[in-house]
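Starting from the known structure of chain S, fit chain Y onto it as the hints suggest.
Given next are the chains, with one letter for each unit.
2 protein chains.
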Amino acid sequence: MGLEDIIRVADGREKADLLLKNAKIVNVFAGEIIEDHVAISKDMIAGFGKYSAHKTIDLEGKYVCPGLIDGHVHIESSLLSVPEYARAVVPLGTTAVIADPHEIANVLGLDGIRYMLDSSRNLPLDVYITLPSCVPASHLETTGARLTASDLSLLIDEERILGVGEVMNFPSVLKGDRGTLEKIAVAGRRVVEGHAPGLSGKHLSAYISAGIRSDHECTSVEEAEEKLQKGMHIMIREASPARNLKTLLPLVNAKNSRRFSFVSDDRHPIDLVEEGHIDFMIRTAVKMAVDPVVAIQLATINTAEYFRLGNVGAVAPGYQADLVVFDTPSDFKVLKVMKRGGVVAENGCLILPLKAPEVHVRSSINVAWLDTKDLSIKAEGSEIRVIEVIPDQIVTKERIENATVRNGLAVADPDRDLLKIAVLERHLASGNIGLGFVKGFGLKKGAIGSSVAHDSHNIVVVGTSDQDMMCAIEEIIKMRGGLVAVVDGKVLSALTLEIAGLMSSEPFERVEHRMRELASAAKQMECGLERPFMTLSFMALSVIPELKLTDKGLVDVDQFSIVPLFTK
Amino acid sequence: MGLEDIIRVADGREKADLLLKNAKIVNVFAGEIIEDHVAISKDMIAGFGKYSAHKTIDLEGKYVCPGLIDGHVHIESSLLSVPEYARAVVPLGTTAVIADPHEIANVLGLDGIRYMLDSSRNLPLDVYITLPSCVPASHLETTGARLTASDLSLLIDEERILGVGEVMNFPSVLKGDRGTLEKIAVAGRRVVEGHAPGLSGKHLSAYISAGIRSDHECTSVEEAEEKLQKGMHIMIREASPARNLKTLLPLVNAKNSRRFSFVSDDRHPIDLVEEGHIDFMIRTAVKMAVDPVVAIQLATINTAEYFRLGNVGAVAPGYQADLVVFDTPSDFKVLKVMKRGGVVAENGCLILPLKAPEVHVRSSINVAWLDTKDLSIKAEGSEIRVIEVIPDQIVTKERIENATVRNGLAVADPDRDLLKIAVLERHLASGNIGLGFVKGFGLKKGAIGSSVAHDSHNIVVVGTSDQDMMCAIEEIIKMRGGLVAVVDGKVLSALTLEIAGLMSSEPFERVEHRMRELASAAKQMECGLERPFMTLSFMALSVIPELKLTDKGLVDVDQFSIVPLFTK
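First to last, the protein sequences are chains S and Y. All letters in the first sequence, in the order written, are residues 4 to 571 by our numbering. All letters in the second sequence, in the order written, are residues 4 to 571 by our numbering.
Isolated chain S, as found in the complex (with noise of 0.2 angstroms):
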């Protein structure tokens, strides 16, 4: 059973394993700070008050809260492997994650999701899946895998399965399309999970009557009080891409603030070692005047409820030992993570090494031989669709320009900053080559490619001349994915991606210091956005308006279809 031991410990007739004395326990349930002792039986709490323990560490008054819980990730956009990723959020209080391995399911299917569960055991960071319910996110690209009803149901009942992921194809839901609707069917009793952006109205109300019922895409005040209305449950996002908590946290109040919670989204490595994680929003939460308490149910029981995790989430007795240590409630500054009833990091380090399992999954970079000159644009007119980058935005316009022709060919034209944009199918090695132009990027020379690019994960090359365009593809295809920066035929920066080619198996650190030498590559190639890889990561999303390239060419997303290149 399991149970005698906590039982007889709880009592008082067995000494506790660990007394933590002298907390000041941010109690989630009464709302209040409560000055007492914590006593924990193996990776259990079994009490509060005077118990005697095998070991004792006195907390002198410092704060004790439950370990915090990430309501929606998607690992993969750390870049990180599932280890790295505890490695760096671990520290910073994170004890849980709900995943939705979207990325990693849109390149290798099923066996995607398998390498997320089993790359993610034995960690000091439980992770909680959720069935992506979106591969492929649309027809207009080559994706590595098509997942149906059917797919999802040989998932379900594994132990950290906890439901359906963010169902982001909203028009499906609302036409009643009956693969859509029986991936919800999917779930039973478990959570669906929402990806809503914008949605309001008779829509809103039909695409929650399916019974999704969370929502992390809200970007205002408005469109969050309308949600919470209709009974979703608003996961406050404050990803790398999208920041959303300082418009979204004056709806919370006293009344309300249980059907909110924080969430990650997309994190880049830079973001969490320079801001943090979970803990960065309870921070910048009570910097807002957030109740402390109220800060940190949203990152605790307020996501273990909604997900119906029975035994994260709090500290009380019969919950799992993840507590987090901090001075004061102003800062939060996480100075000890306990995970499972033992300390697995202090000061911002884990202090134990990982015993992450070895796990192996195929190689994903799938393609067709090539040749520069297929990366040749016959020129068959004057003017052209061009996609135009808004920077720090995933959204983006098309322009029609004049297109520059040589030799009978549209070319790069860096002066214009016109740049040449390719994107190869990596995962069938059907040969597809999408190209087309970008404006925004703004490189005078080179090229930078990028195996992550959102959703199918196609390669994704953004350059001056074909030959570094070429070359960026030839070091990407070597490394088995990853990103690069290539100036006159050599490589100036790259980092190597080879799981799914969208996640490093090195570690944090050295995927946080490739991250800022890319960035000054391209800087030094005069690009002038903030952050290159990740906008060049999201130029053949199919879903965001309002231009694209896929592998199958440009896509007129408000139209949802394939447009020619050449409008004159």
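Derived by calculation from the structure, the hints in this document are not laboratory data. Please note: incorrect hints may appear among the correct ones.
It does not matter which identical chain is used: a pair holds within one copy or between any two.
Claimed, not checked - Heads up, simulated SDA-like pairs for lysine to any residue below, C-alpha to C-alpha not over 20 angstroms straight-line: (1) K258 to F541; (2) K481 to N350; (3) K27 to L252; (4) K258 to I37; (5) K45 to G179; (6) K258 to E35; (7) K24 to E229.
On a predicted model such as this, the values are computed, not experimentally measured, just so you know.
Chain Y in isolation, oriented as in the chain S frame:
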């Protein structure tokens, strides 16, 4: 799939079945009252706002809240069949109950639980069930059934089963008794209900550590506060025999209110008629200055969320259209009740005939042949242990008194208010009869008897003469269960409880009338107790101090053993 319809209606592409116009909607998510219209598609809420509909009801500014939920009730205590219970409580706004069929399970075991499941189909009341964990409640009486973990596991996956019912035997939990822990384990991810009157400190922590996460037995703010802090969901009870509402409400505040629910536990027909049900608790709370929206949350969403019921407890798209229309929050007078999208009650009455299923259950009165002389007590001493009733309480006192002896027999002596009490085993026809004496009923003549006698529900009779006691027993046997008042061999009043000896199949108005008649008959017999049959039904409850009588004899509850009648 079934979802297509509601999606089309919510999206405004198809007419709603019903539109409730001009409602003041109690929004339990936002914690606010919002003026809007509510569109309904079949049995579900589809959306807010303007919709065209096949039918419209103009609420003219009246309030609408979710149907009320009783979080813990023994329907058997109403003495009503499930359909009649529904007829009594649905017009009061109750549209769902979480029932613990502990009483009928003690009589009929799994058959009793199945009877409750079967007889609660097709009602305008959703009856959810938690599986009784304490059958029998004690080894000191003979019960009709014994339910082990294996038995419970046969039913746990049925649709309306929400978990394991109140674990009353806390000493077993603290001892780590294997059978008890196995029953808790049957719940799996479902809830395990608590029952821990007065438990505190380490004992309480140990009890909670076993995974028990609610309690409805708090009788003081201090008790409830400790349980709240330790993670229990606090069910505030306003039962007929135990009223805790006014005591506990001062603990409820904006920070902790989500952790409370309203429950009735045991509520008799007279109280249902005179005061009400969960609606009465809302009224009382609002009178005590609780925010009406918070009071309604305690009666709706808090309970639904605690039990992980995803589709009830709120007025929002995708929720079951269980609604209460009421006048003002201060009165909370229920004007109209809607169940699954249809109006089922108006102005205190069901407006539709019940389509209750015909369900049969075997007769439960199985008594060995007996004779008046089987009730006589040979005078084996001069001093006796006497059960002393404390009016309106279920605890009793032990008193040592001189026996009144006639012809070598210890007999009832009404002049001294020393009445005889007998408990007759009625399940196995074992012939067990427990005999003793009781003070406090005050009868000057006749006898009263009941086949409701917690928790084993043997036949209990208190009387002034063996002849009248025998007559009462005979009448109960003839009725196949019931309550009876007898004087001089004549039945003054009786209520047939032929369903397990616990519940009547008569209309609830008639049951209520009979209960008043029985009370007045007892008064005629000079009984001084307000509710003699309620008091009578607790005389055999061998787990509540101090002295009780079961079919096995007198029970000293503190020693938890059988003790002799004669002390000298």
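Practice problem: Go through the numbered hints given earlier and state which of them the structure violates, listing their numbers in rising order. | Solution: Numbers 1, 2 and 3 - these are the hints that the structure violates, sorted from lowest upward.
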